[in-house]
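Participant: Here is how the chains run, residue by residue.
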Amino acid sequence: MSISPQNMRSTRIVAKVSNPAWMAHRIALNPCVLWYLGVRYSGEFHPRPQGGWQNFRDDMYDSDVPWELVIDNNSGTYGPDPMMLPALRACMEYNFPGFNIVALDYNDPDLKESVDACRAYALNIRGVHKEDLQPHTHNGEITLQQEVTHASGDTLPPP
Amino acid sequence: MPSNAELGVQVLDKDDGAKDDHIGRFTTNIQPGAKHEEIQSHALKRSRGIFWLKVRVPLGSITPVLNLSTLKIESSPSTDRFPEKHQYVFDGPIRFSRHFSPTIGRLTNTNGARLYSTWKMYIKGVKLFFGDEFQPWNHKYKAAQAIFQGSFAIRTSIQAGHRMLYARSTTNGFGIINDKEDMFDILRGGKEELGSRSTFQKRIKPAVYTYIISAEDDSFRFSETGAAFFVDFASKHALHSNCCESE
Chain A
1 MSISPQNMRS TRIVAKVSNP AWMAHRIALN PCVLWYLGVR YSGEFHPRPQ
51 GGWQNFRDDM YDSDVPWELV IDNNSGTYGP DPMMLPALRA CMEYNFPGFN
101 IVALDYNDPD LKESVDACRA YALNIRGVHK EDLQPHTHNG EITLQQEVTH
151 ASGDTLPPP
Chain B
1 MPSNAELGVQ VLDKDDGAKD DHIGRFTTNI QPGAKHEEIQ SHALKRSRGI
51 FWLKVRVPLG SITPVLNLST LKIESSPSTD RFPEKHQYVF DGPIRFSRHF
101 SPTIGRLTNT NGARLYSTWK MYIKGVKLFF GDEFQPWNHK YKAAQAIFQG
151 SFAIRTSIQA GHRMLYARST TNGFGIINDK EDMFDILRGG KEELGSRSTF
201 QKRIKPAVYT YIISAEDDSF RFSETGAAFF VDFASKHALH SNCCESE
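Protein sequences appear in the order of chains A and B.
The first sequence begins at 1 in the numbering used here and counts up by one.
The second sequence begins at 1 in the numbering used here and counts up by one.
Keep in mind the hints are simulated off the structure, nothing from the lab.
All values derive from a computational prediction rather than experimental measurement.
No residue lacks a Cβ here, since even glycine has one placed at the ideal position from N, Cα and C.
Hints are supplied without guarantee of correctness; some may be wrong.
[Stated by the list, open to error] A short list of chain B residues far from chain A (calculated; beta carbon distances all over 10 Å): (1) THR28; (2) ALA34; (3) HIS36; (4) LYS54; (5) SER97; (6) ARG98; (7) LYS120; (8) GLY131; (9) PRO136; (10) LYS140; (11) MET164; (12) SER169; (13) ASN172; (14) PHE174; (15) GLY175.
[Claimed, not checked] With a cut-off of at most 27 Å between alpha-carbon atoms, the simulated DSSO-like pairs for lysine-lysine come out as follows: (16) B:LYS140 x A:LYS112; (17) B:LYS180 x A:LYS112; (18) B:LYS45 x A:LYS112; (19) A:LYS112 x A:LYS130.
The shape of chain A in the complex, shown without the other chains (with noise of 0.2 Å):
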């Protein structure tokens, strides 16, 4: 068959590909769907060296110990259901099989401890500053807010 410009134009390339990336993403085509959607997952991870950070020290090295990562779902935005959590973390170990995988729920108290034993870690062992743990600027520094309101000319579209 010779394509003629009066037939190309219906001219239709059907695909049977086995495994594209390019078709992972058919639903971003429509924002309205994915506005409706929100997100697959969200929370907060951290990393600790198995048994804990409270069990790490320094003169340690990092390469002695294994790795774990230890996510959760503590997003107020989304609030992910915690039946799907089995499920992030069958999804993190495909991605990063280095790692064991520890997913908890933003209640359970295991993550409350193991939270606050990696920012213990870091605030008494690292010599971070506790104020860098939650979101600040410092004096006269211009936010990623000011910035938007800047760039739109300070004027936001009406309510």
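Let chain A serve as the given structure and place chain B on it in line with the hints.
Facilitator: Same frame as chain A, now just chain B:
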């Protein structure tokens, strides 16, 4: 057909019964030879893969004739036992980019830079694990109500912030995650004191990160929970997710 004609191709996937989905389009010339063209999605101008084709001119022909049967896609049949269930899932390699907030200023120490950084990682098999499950915004949460039901201006400013944060820039870093060492590299960082022997740059940093896995492009986006660019935004997670608008 003139030899300088352009061939425009639209690529659609074939669904049984349902309307076929649009994948993207590309144009190419009809000069004889093998070609590989990038298929671009119509709306977002994203790359949708590479289309291979071969244009042949039959011997003895005065006008070039493009033979549709020579259009060919290099592919192999799925080896998945449940191809209907697991179709079109991205399976690596995991690429990532590191973006810096435009507010970073003239920071010279790399430890500080972490608080102005965000990472975006295209992870594998999201659909495989999450299936058709998505997490909509939390209707019971006040800050979320303010964003998604409240004024248009709030959403607009979050989206503008998101764009600035994830903008393409020459300062962005890029890489591939092949093994745990590559991930360690991302997690490493810490204080570097001049004149002191204590440097934690090469150690895994005890730090907590805020993340989302995007419904938009299956990317895993994260930054330190204490990142400076979160200041004054009602939701860290919405800033990462772009809180897509409803209209």
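Participant: Would the least Cβ to Cβ distance between GLY131 (chain B) and chain A come out above 10 Å?
Facilitator: Per Cβ check, GLY131 (chain B) is inside 10 Å of chain A; nearest 8 Å; violated.
Participant: Over 10 Å to the closest beta carbon of chain A is the bar; see if MET164 (chain B) clears it.
Facilitator: 6 Å, violated
Participant: Far enough from chain A: is every CB of that chain over 10 Å from the CB of SER97 (chain B)?
Facilitator: SER97 (chain B) is indeed farther than 10 Å from all Cβ atoms of chain A, at 16 Å.
Participant: Is the Cβ of LYS54 (chain B) farther than 10 Å from every Cβ of chain A?
Facilitator: 14 Å, holds
Participant: Would the pair LYS45 (chain B) and LYS112 (chain A) pass a check requiring their Cα atoms to be no farther apart than 27 Å?
Facilitator: Measuring from Cα to Cα gives roughly 43 Å; hence the hint is violated.
Participant: Was HIS36 (chain B) rightly flagged as not at the interface, with every chain A Cβ beyond 10 Å?
Facilitator: HIS36 (chain B) is indeed farther than 10 Å from all Cβ atoms of chain A, at 14 Å.
Participant: Mind checking the alpha carbons of LYS112 (chain A) and LYS130 (chain A) for me, to see if they're no more than 27 Å apart?
Facilitator: 17 Å, holds
Participant: Beyond 10 Å on every Cβ pair: is that true for THR28 (chain B) relative to chain A?
Facilitator: 12 Å, holds
Participant: Is the hinted pair LYS140 (chain B) and LYS112 (chain A) satisfied, with a Cα-Cα distance of at most 27 Å?
Facilitator: It holds: about 23 Å lies between the C-alpha atoms, which stays within 27 Å.
Participant: Is the nearest Cβ of chain A still more than 10 Å from the Cβ of LYS120 (chain B)?
Facilitator: 14 Å, holds
Participant: Run the C-beta distances from ASN172 (chain B) to all of chain A and say if the shortest one exceeds 10 Å.
Facilitator: Answer for ASN172 (chain B): holds, closest chain A Cβ roughly 16 Å.
Participant: Holds or violated: is the Cβ of ALA34 (chain B) farther than 10 Å from all Cβ atoms of chain A?
Facilitator: 16 Å, holds
Taken one by one, the earlier hints fail for this structure at numbers 8, 9, 10, 11 and 18, listed in ascending order.
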